[in-house]
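Please take these sequences and the hints and turn them into a complete structure.
2 protein chains.
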Amino acid sequence: MPRPTRPAPSPRTRVRRLPERAHYDADTIAAIVDAAMLCTVAFQLDGAVHAIPTIHWREGGHLYLHGAKASRMLKALTEGEACVTIALADGLVLARSAMHHSMNYRSVVVYGRFEAVTEPAHKLASLRAFIDGLYPGRWDTLRPITEKELNATSVLRIALDEASAKVRDWGVKDDEEDLDWPVWAGVIPLRTLAGEPVTEPDSVARSVPPTRFG
Amino acid sequence: MPRPTRPAPSPRTRVRRLPERAHYDADTIAAIVDAAMLCTVAFQLDGAVHAIPTIHWREGGHLYLHGAKASRMLKALTEGEACVTIALADGLVLARSAMHHSMNYRSVVVYGRFEAVTEPAHKLASLRAFIDGLYPGRWDTLRPITEKELNATSVLRIALDEASAKVRDWGVKDDEEDLDWPVWAGVIPLRTLAGEPVTEPDSVARSVPPTRFG
Numbered sequence: 001m002p003r004p005t006r007p008a009p010s011p012r013t014r015v016r017r018l019p020e021r022a023h024y025d026a027d028t029i030a031a032i033v034d035a036a037m038l039c040t041v042a043f044q045l046d047g048a049v050h051a052i053p054t055i056h057w058r059e060g061g062h063l064y065l066h067g068a069k070a071s072r073m074l075k076a077l078t079e080g081e082a083c084v085t086i087a088l089a090d091g092l093v094l095a096r097s098a099m100h101h102s103m104n105y106r107s108v109v110v111y112g113r114f115e116a117v118t119e120p121a122h123k124l125a126s127l128r129a130f131i132d133g134l135y136p137g138r139w140d141t142l143r144p145i146t147e148k149e150l151n152a153t154s155v156l157r158i159a160l161d162e163a164s165a166k167v168r169d170w171g172v173k174d175d176e177e178d179l180d181w182p183v184w185a186g187v188i189p190l191r192t193l194a195g196e197p198v199t200e201p202d203s204v205a206r207s208v209p210p211t212r213f214g
Numbered sequence: 001m002p003r004p005t006r007p008a009p010s011p012r013t014r015v016r017r018l019p020e021r022a023h024y025d026a027d028t029i030a031a032i033v034d035a036a037m038l039c040t041v042a043f044q045l046d047g048a049v050h051a052i053p054t055i056h057w058r059e060g061g062h063l064y065l066h067g068a069k070a071s072r073m074l075k076a077l078t079e080g081e082a083c084v085t086i087a088l089a090d091g092l093v094l095a096r097s098a099m100h101h102s103m104n105y106r107s108v109v110v111y112g113r114f115e116a117v118t119e120p121a122h123k124l125a126s127l128r129a130f131i132d133g134l135y136p137g138r139w140d141t142l143r144p145i146t147e148k149e150l151n152a153t154s155v156l157r158i159a160l161d162e163a164s165a166k167v168r169d170w171g172v173k174d175d176e177e178d179l180d181w182p183v184w185a186g187v188i189p190l191r192t193l194a195g196e197p198v199t200e201p202d203s204v205a206r207s208v209p210p211t212r213f214g
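Here the protein sequences line up with chains A and B, keeping their order.
Be aware that the first sequence starts at 1, since it is given in our numbering, and climbs by one per residue.
Be aware that the second sequence starts at 1, since it is given in our numbering, and climbs by one per residue.
Among the hints, a few may not be true.
Straight-line alpha carbon distances no greater than 27 Å define the calculated DSSO-like cross-link-like pairs of lysine-lysine that follow [unchecked claim]:
no., chain 1, residue 1, chain 2, residue 2
1, A, 173, A, 148
2, A, 173, B, 148
3, B, 173, B, 123
4, B, 173, A, 148
In short, the hints are calculated from the structure, not lab data.
This is the structure:
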């Protein structure tokens, strides 16, 4: 990956540990948000720190979440600052010394405050984008969403403005004097794949739809 | 999975949303911690919430982290409460209505305070457990760790006492009246696999070691 094309957008997003892995440009951040399905949302509630993993999607410069309207997490999120993290494990890096073992990964950390998407047309469009992002064209084939379902669902979003990414995507960096040590050094890539679909016994349709996992 | 065999260990660990997915027994929690390589650690620093993804391992009833001694995160972790989350995406659940789309997943949330593992023999044994947990038997084949390297590395651990797990591992739950809707319903499993190893050009050893990814 090229070096950062712009500086950190705020002091708290500046990467301190291993800054050579930092990226602050919107394209790199968006690509990592898109590649991950799950994020973790950390927030404060009654003075304590909480964090919850949840599914997310992206539209333009925002990361979106959804959940039950009654969720105490979603309520807390619009009332204070949050920190959203995403991490993808891309590879195991095996060095000649324990110290230089590492991982290849892509991660994003976002700071900010969530806002509720309350306007019905916007909320509907966002839920459609969420489903169609996972399963292209699926929304129009589903039993149409009801007003009751739409009302029971909260959609929140946070701007990707105050965000940083970290990427390690290279080989082994051993100490010069260890290069002859007779142990295997290299990278073992990791990837997430879709397995064999399991059709519900009572599914009328038998043909599996496309997903973004291929 | 069977229903919870014990109640939540504390009010803040009790799962409120979808409690039918909750588990509080140590074996379920340990299995999820072991199956994941990455966790997210949320903590407060100067009144703000922060969260950082990091690699972890487990020994007995504790989750372990390591990092550079100079890391401000590791320092903050022993000074206040933390919340550690783990999430594994196991499958995409496609229903006949948008509302009943879901994911199969395993997640863990741990509350508590980290303690530093400072006793040198304990720290050494933990780092060995970390490496050998990923790559069975590898520690003894590596260029031995130096005292300087050991001193530059911090190891922290948090008890898995105040922890909860959530698991969804079943099929589609559509509304009864939607079962005839002519769209595919089913589960698409997801799994993380190791790809083709990339040996470093200057690696003396050419034979790839076993990893826990097979």
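Enumerate the violated hints, using their earlier numbering and listing them in ascending order.
-> 1, 3
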